[in-house]
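J.: In order, the protein sequences belong to chains A and B. Add 4 to the 1-based position in the first sequence for my numbering, that's all there is to it. Add 66 to the 1-based position in the second sequence for my numbering, that's all there is to it.
Any given hint could be a false lead.
Taking beta-carbon pairs under 10 Å as the criterion, some of the chain A residues facing chain B (in silico) [claimed, not checked]:
{"#": "1", "residue": "A69"}
{"#": "2", "residue": "R70"}
{"#": "3", "residue": "H76"}
{"#": "4", "residue": "N78"}
{"#": "5", "residue": "R99"}
{"#": "6", "residue": "S120"}
{"#": "7", "residue": "T121"}
{"#": "8", "residue": "K203"}
{"#": "9", "residue": "M209"}
{"#": "10", "residue": "A210"}
{"#": "11", "residue": "A213"}
{"#": "12", "residue": "N238"}
Hints were generated in silico from the structure; no laboratory data involved. Note that beta-carbon positions come from the ideal geometry of N, C-alpha and C, so glycine has one too.
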Amino acid sequence: MKRRSSHLKAPARAGTAALIGAARAVGKSLTRRFRASLDRWREADVRGPPECDPSLFVGREQLIARVLSTIHNNSILLTGDSGIGKTSILREIERRLRSIDDPAYRFFPVYIDLESTPEDRLFATAGDAVLHEVARLCPGSARDDRGSRGADYDHRGLAADLRRTVRALGATSSKMVRLVLLVDGIDEVDNYHQRTTQKLRSLFMASVAENLVMVASGSEISREWEREGSPWYNFFEEIKLTGLRRDDVERLVAFLVRGRMKLGEGVVERIAATTDGNPGLIRSHCRALLRRSHRQGRRTLTVADVDALDRHHGT
Amino acid sequence: MRRFQARSESAIKSTTMENSQAGEGSLTADFKIGGWLVQPRLNRLSRGEQVLQIEPKMMDVLVYLAHNAGEVVSKNDITDAVWPDLFITESVISRAIAGLRRALEDDARNPRFIETILKRGYRLIAEVLPAPEVTDTRPPRAQPTQPDLRRDAAPVPFVVGQWVRGKRFYGRAGQIAEILEGNRNWLWVLGTRRIGKTSLLKQLESLAAASPELGFVPLFWDLQGADTPEDLHADFGEALLDAEQRLEDAGIRVAEIRADDLFESLGRLRRQLSANNLRLLLLCDEVEELIQLNRKDPAVLRKLRRAMQSQEAVRSVLASSSRLWQLAEAGGDTSPFLDGFTPPLYLGSLDDDEARALIRQEALPADVRPEFTDEQIERIRTSCGNHPYLIQLLCRRTLDEGDLDRAIEGVAADRAVSFFCAVDFDLLGEEERAVLRLLAAHPGASASSIASRLSERADTLPASLESLQRLGLMREHPADAFRVANEFLRRWLLTEAGPPDR
Numbered sequence: 005m006k007r008r009s010s011h012l013k014a015p016a017r018a019g020t021a022a023l024i025g026a027a028r029a030v031g032k033s034l035t036r037r038f039r040a041s042l043d044r045w046r047e048a049d050v051r052g053p054p055e056c057d058p059s060l061f062v063g064r065e066q067l068i069a070r071v072l073s074t075i076h077n078n079s080i081l082l083t084g085d086s087g088i089g090k091t092s093i094l095r096e097i098e099r100r101l102r103s104i105d106d107p108a109y110r111f112f113p114v115y116i117d118l119e120s121t122p123e124d125r126l127f128a129t130a131g132d133a134v135l136h137e138v139a140r141l142c143p144g145s146a147r148d149d150r151g152s153r154g155a156d157y158d159h160r161g162l163a164a165d166l167r168r169t170v171r172a173l174g175a176t177s178s179k180m181v182r183l184v185l186l187v188d189g190i191d192e193v194d195n196y197h198q199r200t201t202q203k204l205r206s207l208f209m210a211s212v213a214e215n216l217v218m219v220a221s222g223s224e225i226s227r228e229w230e231r232e233g234s235p236w237y238n239f240f241e242e243i244k245l246t247g248l249r250r251d252d253v254e255r256l257v258a259f260l261v262r263g264r265m266k267l268g269e270g271v272v273e274r275i276a277a278t279t280d281g282n283p284g285l286i287r288s289h290c291r292a293l294l295r296r297s298h299r300q301g302r303r304t305l306t307v308a309d310v311d312a313l314d315r316h317h318g319t
Numbered sequence: 067m068r069r070f071q072a073r074s075e076s077a078i079k080s081t082t083m084e085n086s087q088a089g090e091g092s093l094t095a096d097f098k099i100g101g102w103l104v105q106p107r108l109n110r111l112s113r114g115e116q117v118l119q120i121e122p123k124m125m126d127v128l129v130y131l132a133h134n135a136g137e138v139v140s141k142n143d144i145t146d147a148v149w150p151d152l153f154i155t156e157s158v159i160s161r162a163i164a165g166l167r168r169a170l171e172d173d174a175r176n177p178r179f180i181e182t183i184l185k186r187g188y189r190l191i192a193e194v195l196p197a198p199e200v201t202d203t204r205p206p207r208a209q210p211t212q213p214d215l216r217r218d219a220a221p222v223p224f225v226v227g228q229w230v231r232g233k234r235f236y237g238r239a240g241q242i243a244e245i246l247e248g249n250r251n252w253l254w255v256l257g258t259r260r261i262g263k264t265s266l267l268k269q270l271e272s273l274a275a276a277s278p279e280l281g282f283v284p285l286f287w288d289l290q291g292a293d294t295p296e297d298l299h300a301d302f303g304e305a306l307l308d309a310e311q312r313l314e315d316a317g318i319r320v321a322e323i324r325a326d327d328l329f330e331s332l333g334r335l336r337r338q339l340s341a342n343n344l345r346l347l348l349l350c351d352e353v354e355e356l357i358q359l360n361r362k363d364p365a366v367l368r369k370l371r372r373a374m375q376s377q378e379a380v381r382s383v384l385a386s387s388s389r390l391w392q393l394a395e396a397g398g399d400t401s402p403f404l405d406g407f408t409p410p411l412y413l414g415s416l417d418d419d420e421a422r423a424l425i426r427q428e429a430l431p432a433d434v435r436p437e438f439t440d441e442q443i444e445r446i447r448t449s450c451g452n453h454p455y456l457i458q459l460l461c462r463r464t465l466d467e468g469d470l471d472r473a474i475e476g477v478a479a480d481r482a483v484s485f486f487c488a489v490d491f492d493l494l495g496e497e498e499r500a501v502l503r504l505l506a507a508h509p510g511a512s513a514s515s516i517a518s519r520l521s522e523r524a525d526t527l528p529a530s531l532e533s534l535q536r537l538g539l540m541r542e543h544p545a546d547a548f549r550v551a552n553e554f555l556r557r558w559l560l561t562e563a564g565p566p567d568r
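Please model the complete structure; the sequences and the hints are all you need to start from.
T.: Next comes the structure, spelled out in structure tokens:
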């Protein structure tokens with residue numbers, strides 16, 4: 005019995021050892037993969053800009069409130085440096101307008117990106133955006149026929165589409181319709197012939213302008229024209245964007261590094277100072293800081309890290 | 067704990083009472099939790115200077131939790147209360163709770179506001195208090211004795227950079243009566259930039275359309291950008307489309323008016339209106355464009371003048387700045403374009419009462435009018451010299467800033483204001499510019515004093531003084547004491563227009 009038993013145990017031991025070995029190998033492989041995955045996650049870019057991730061939109065409440073109390077009657081131009089948050093603010097205004105419950109007005113926000121739009125596509129781009137958005141927001145009020153507008157579609161075509169759209173939207177609500185054109189990259193019009201720009205401006209001379217308002221953003225818009233000056237020079241209420249406030253910088257930094265790194269004493273202040281509260285710069289700083297610190301095997305960001313990064317970038 | 071519950075219930079009861087009185091179906095009165103002021107109607111949370119807008123549904127969840135403060139509410143309860151007609155997954159509620167925690171800076175593991183009760187639901191553990199009567203949590207301004215004029219939530223009634231008509235249009239009764247009820251059939255409205263020429267035309271369009279007894283069918287024709295005959299024709303077609311409904315009401319189909327030639331279109335329109343015992347009120351804006359057109363094709367202007375000055379069923383109103391005088395001087399034509407349209411109808415500043423009515427926004431319902439004191443109204447009016455654009459800009463800025471002094475400085479530094487000061491100044495004659503420069507440095511100068519300082523120009527001075535007053539660039543107050551009409555032009559003249567003796 006004993007011999008038989010001993011005879012049977014040997015292969016069982018070998019099998020068990022093989023299983024344990026295989027399990028260890030798999031375990032090691034999984035651990036390696038998990039660690040690699042964790043490393044990739046830690047090194048990965050911090051979350052994208054707020055236009056991609058609305059939860060990253062911080063601060064700007066007074067500005068948003070000012071815009072929302074203005075667009076009943078006035079158009080607005082938001083200017084500011086690259087990365088200051090112009091696109092994010094336009095997208096946030098778009099989100100707010102969709103849910104706002106105004107006693108007298110019904111707002112229909114339409115986001116239009118003019119950046120790199122060729123001159124002969126200006127009106128078609130605007131027309132496509134308006135019809136697409138209105139068809140989405142208010143099915144039956146417009147037909148989404150994007151792409152059907154060619155180079156011969158001019159300001160008159162757009163004016164006709166706007167008239168039809170406003171009429172159709174007016175039939176859906178007892179409130180005053182306000183089509184809010186959120187035009188990103190308005191400085192693109194500086195590259196166009198002045199007549200083209202003038203024709204865009206002329207939309208606001210027609211009757212439909214009573215239902216139309218523009219919130220535009222750009223680095224700058226030229227007011228120096230050949231003759232009496234740009235038709236925009238007195239059209240917009242201009243708001244120059246500045247950096248985020250200190251507490252908003254803190255919130256943004258906390259969002260960006262949460263779960264990846266701890267923040268040492270004074271880090272937020274130093275980031276706020278070196279970026280002037282520019283949210284785009286804050287994002288890129290945080291991204292670089294996370295990579296750098298992770299490669300050094302550390303889990304806490306320090307003021308020295310921020311200073312080293314600034315020295316590296318020569319800021 | 068009992069004391070907390072009693073206070074919470076008291077706060078919520080008062081909230082509920084307010085809502086039942088208001089006839090509303092949900093809780094909407096303001097309340098406070100843990101230092102945060104919650105304003106459900108505005109979807110707003112504020113604490114000190116920090117102001118947050120949150121999603122309406124998120125606010126509804128918070129209001130529901132506050133209504134049941136201290137008690138555990140299940141996800142089903144929240145769904146029934148906030149999304150009664152929708153099927154939603156639990157993750158929607160979890161996201162709303164997470165959003166509230168983020169906004170309130172709460173920590174789920176160590177909650178100060180919303181506690182998660184495992185397998186049961188959620189509980190608002192912060193104390194709920196009724197909001198104080200004064201809900202403005204902003205810190206005091208630099209001048210606490212001045213009332214804070216900002217109105218965060220209410221729409222700003224002032225319109226800057228866009229034409230107005232109807233309830234938003236103030237003044238100009240004299241010009242309107244002359245155009246709609248006077249004997250002249252060809253009028254030229256002359257004014258500086260931003261004085262309100264387009265708004266006047268839009269108001270005329272609106273009034274004529276609403277007053278069939280006048281017998282006019284108005285047509286607003288924007289000439290902006292029309293520097294070729296083809297553009298002029300196309301823009302006329304655009305004007306017809308813009309007025310399509312009105313024309314149809316008058317028994318005219320736009321398709322029947324359209325022709326390959328602008329003047330044929332105009333002729334058809336006049337004839338059809340005449341057949342219906344109606345007249346065309348042709349309201350032409352940005353007429354300066356015709357200067358360019360005249361350089362390219364003078365024949366078009368001759369034809370246009372004949373069409374506009376037809377004896378048959380048309381009253382033509384041109385609006386432009388003084389640049390249009392160039393057409394009066396255009397050579398090579400025995401009948402320059404402006405013959406018949408002159409003398410122009412000057413559009414200057416509003417009179418004092420009209421300016422006060424504009425600042426008070428008297429045509430709007432009382433609850434949406436801005437709250438300015440009489441003293442502030444007079445200060446706004448005199449700083450702006452009753453200029454309608456400047457008044458609206460300054461009022462708008464004052465409501466934004468909450469402080470009139472800061473708003474005045476802001477307007478003075480505004481690039482758009484500098485720009486239109488420069489444009490208006492460039493359009494003046496040499497003598498008029500000299501007078502303005504002198505008055506900027508010597509406000510209140512008499513006519514004889516101005517004449518002595520500008521001795522070589524004394525013979526033409528009365529005409530220059532009259533022209534400047536009509537344009538609203540200078541005012542006489544008191545008698546024989548002249549000054550620059552508004553504070554912003556005066557500042558611009560002092561810094562940008564060179565020395566007075568230049």
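J.: Confirm or reject each hint.
T.: These are the hints, each one checked on the structure:
| no. | hint | in the structure |
| --- | --- | --- |
| 1 | A69 | holds (5 Å) |
| 2 | R70 | holds (6 Å) |
| 3 | H76 | holds (4 Å) |
| 4 | N78 | holds (5 Å) |
| 5 | R99 | holds (9 Å) |
| 6 | S120 | violated (24 Å) |
| 7 | T121 | violated (19 Å) |
| 8 | K203 | holds (5 Å) |
| 9 | M209 | holds (4 Å) |
| 10 | A210 | holds (5 Å) |
| 11 | A213 | holds (7 Å) |
| 12 | N238 | holds (5 Å) |
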